[in-house]
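**Q** Here is what each chain is made of, one letter per residue.
Number of protein chains: 2
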Amino acid sequence: MEFNIAFIGFGVVGQGLAEILLEQEQELKEKYDFSFKVVAISDAVKGSWYRRSGLDLKKLLELVEKQGDLKGFADGIEGWDSIKTIKETNANLILELAWTDLKTGEPAITHVKTALENKKHVVMTNKGPIALAVRELLDLAKKNGVEMRYEGTVLSGTPALNLGLYNLAGSGITQAKGIVNGTTNYILTEMEKGLSYEDALKQAQELGYAEADPTADVEGYDALGKIVILANTVMGANLSKDEPPCEGITNITAEDIAKAKEEGFRWKLIAGAELKEDGSVEAYVRPEKIPLDHPLANIMGPTNALTYTTKYVDEVTIVGPGAGKLPTGFAVLTDMLDINRIVKE
Amino acid sequence: MEFNIAFIGFGVVGQGLAEILLEQEQELKEKYDFSFKVVAISDAVKGSWYRRSGLDLKKLLELVEKQGDLKGFADGIEGWDSIKTIKETNANLILELAWTDLKTGEPAITHVKTALENKKHVVMTNKGPIALAVRELLDLAKKNGVEMRYEGTVLSGTPALNLGLYNLAGSGITQAKGIVNGTTNYILTEMEKGLSYEDALKQAQELGYAEADPTADVEGYDALGKIVILANTVMGANLSKDEPPCEGITNITAEDIAKAKEEGFRWKLIAGAELKEDGSVEAYVRPEKIPLDHPLANIMGPTNALTYTTKYVDEVTIVGPGAGKLPTGFAVLTDMLDINRIVKE
Chain A
69 MEFNIAFIGF GVVGQGLAEI LLEQEQELKE KYDFSFKVVA ISDAVKGSWY RRSGLDLKKL
129 LELVEKQGDL KGFADGIEGW DSIKTIKETN ANLILELAWT DLKTGEPAIT HVKTALENKK
189 HVVMTNKGPI ALAVRELLDL AKKNGVEMRY EGTVLSGTPA LNLGLYNLAG SGITQAKGIV
249 NGTTNYILTE MEKGLSYEDA LKQAQELGYA EADPTADVEG YDALGKIVIL ANTVMGANLS
309 KDEPPCEGIT NITAEDIAKA KEEGFRWKLI AGAELKEDGS VEAYVRPEKI PLDHPLANIM
369 GPTNALTYTT KYVDEVTIVG PGAGKLPTGF AVLTDMLDIN RIVKE
Chain B
69 MEFNIAFIGF GVVGQGLAEI LLEQEQELKE KYDFSFKVVA ISDAVKGSWY RRSGLDLKKL
129 LELVEKQGDL KGFADGIEGW DSIKTIKETN ANLILELAWT DLKTGEPAIT HVKTALENKK
189 HVVMTNKGPI ALAVRELLDL AKKNGVEMRY EGTVLSGTPA LNLGLYNLAG SGITQAKGIV
249 NGTTNYILTE MEKGLSYEDA LKQAQELGYA EADPTADVEG YDALGKIVIL ANTVMGANLS
309 KDEPPCEGIT NITAEDIAKA KEEGFRWKLI AGAELKEDGS VEAYVRPEKI PLDHPLANIM
369 GPTNALTYTT KYVDEVTIVG PGAGKLPTGF AVLTDMLDIN RIVKE
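Sequence order for the protein chains is A and B.
Everything in the first sequence is counted per the numbering used here, starting at 69 for the first residue and increasing by one.
Everything in the second sequence is counted per the numbering used here, starting at 69 for the first residue and increasing by one.
Chain A extracted, bound-state conformation (with noise of 0.2 Å):
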């Protein structure tokens, strides 16, 4: 079907999707009958334009890149909030893809809860609105007869999350556990070969992996968002962002990682969430010993994985990168041509 899209946030994933669907958009016609025009860009700090018949992207994507805001593009409606430019614009699917404030999911929430009440598909990438109010969004779309998909809130466009939804689907899923954070990983990987850990932490944040503030990756708080969004989502649980266990990588030393590998281990910062026998969902986030002949264990650097123990396929699981710009703009693309397959005009 014909899609017109809205970006809510130009920053760097939705730059990232920019990029990809400028390459792609004949063989997305040609290949999975996807067909686009992208009508709005609202962003709080780098500007907004509205076009009816669809902005020129290619120029929008140029001017973020050489200037850093949308200033001056002067081919369409300028200056439409993101509220309005919901509301408002002729767009049917909606990309939020906005900064939000992790603790209250804001403005994340309203923005996907006004574009469900206005019955437009929406797609994110931030985890906020699906840890804080997965369930209560759901319902909104279900009651308004449209899609919501959120891929990109686990390991970017590795596809963990669809993986389980859909692939999985009916395959008995009694446990999730994986590799979700790329930075800790990169830090374990890096004390592995010699490093102390804050050089390794010094090395990750030179090289983007990590912020200046550590703390969300080491401490495990963001690998918990996405355990409970995996827990919520996939296993059916109904855990809130504080509840679990979450313990980081902090108290972990040179000799721990090579005392666990001459006994045939590896340490990796785990998040899991496992079905009890009473129907429950438990998670946790802890470092974790894992055999070296397990999948888990031979994750090495930023690299991300997930896997899933089934009634009928055992142990399912996926590796692939847990961030980035291409692959973050990649997670909003496999939502898209998703609702592009299930939902006929």
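Rather than coming from a laboratory, the hints here were simulated on the basis of the structure.
Please note: incorrect hints may appear among the correct ones.
Copies of the same chain look alike in the list, so a pair counts if it fits in one copy or across any two.
Straight-line Cα separation of at most 27 Å, DSS-like style, residue types lysine-lysine; simulated pairs [stated by the list, open to error]:
id	residue 1	residue 2
1	261	327
2	114	181
3	379	105
4	105	261
5	261	412
6	309	99
7	134	105
8	114	210
9	261	134
10	126	329
11	412	97
12	379	155
13	357	261
14	105	412
15	357	329
16	344	309
17	126	211
18	181	99
19	187	327
20	261	329
21	114	126
22	127	327
For this one, chain A is given, so just place chain B on it according to the hints.
**A** Chain B in isolation, oriented as in the chain A frame:
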């Protein structure tokens, strides 16, 4: 939606699927809005039954497990052959799970064609029809407005094929490369532990991983059939089954394996397909020395794995079982659920 299902063939895969369906019926309805009746089972050896309002699947499964056939069931019409069952029952979804001649693809190709021409959806796990006639069959499905799925032809229920076809659609796949034959991977794993090729093969035969005549596995032909399916369906190639170069594992010695490991590599039987700059696709099966830090190097025993190299999400690898009663039965279920998602009544 509601499916009326006909099983064409009721061997190991059909029985595995029946077991899953009986266990999951309630959940499939509640979670995925997937309702079904098994209206017909037609097996050339075990017998055939048709009942318009639905057969007692539990009773039929017990019967075949107890006595090896469906004789004496006596609750429906007995004896319709596969073609009559496909054409004249009220089934709207045909499961092609019969024995098939790998050289001709028959009778599976005829079964699938007949089903599609009669506007019935098809799910199959036999490689034959896909390796030999996938284009023609997909065109026929499209022309008749029905769906055809075949996840089980590659890596059984590990969703390697649908990952490439759907989840990684638009990712710019340039290469598919993996361990797609569990028997040879089991043999190589045991040889690394110290067994000779002959002893490892014998052990694989005793465990049921290898056939009495192991040629198709150890010479690479089974892997070749699978990579041709991947190349033709995921990467848009048009290769014939006998075209690509194919080398098995019979020339690998215990010394080769030990030497590679010292150098930081592991021998694996790799099936690969690569997109060339001129747009053509080259496929091959051959032993390759894989660096120990690559996900494929650490796939041991009968486990299978496939790595897609893409333009936008780098490398995405999926690991899981490549055979088995329940994993292959589940492959049929995952395809049925996908049809259920995209087909609206």
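**Q** Which hints, by number, does the structure contradict?
**A** Failing hints, ascending: 4, 5, 8, 9, 10, 12, 17, 19 and 22.
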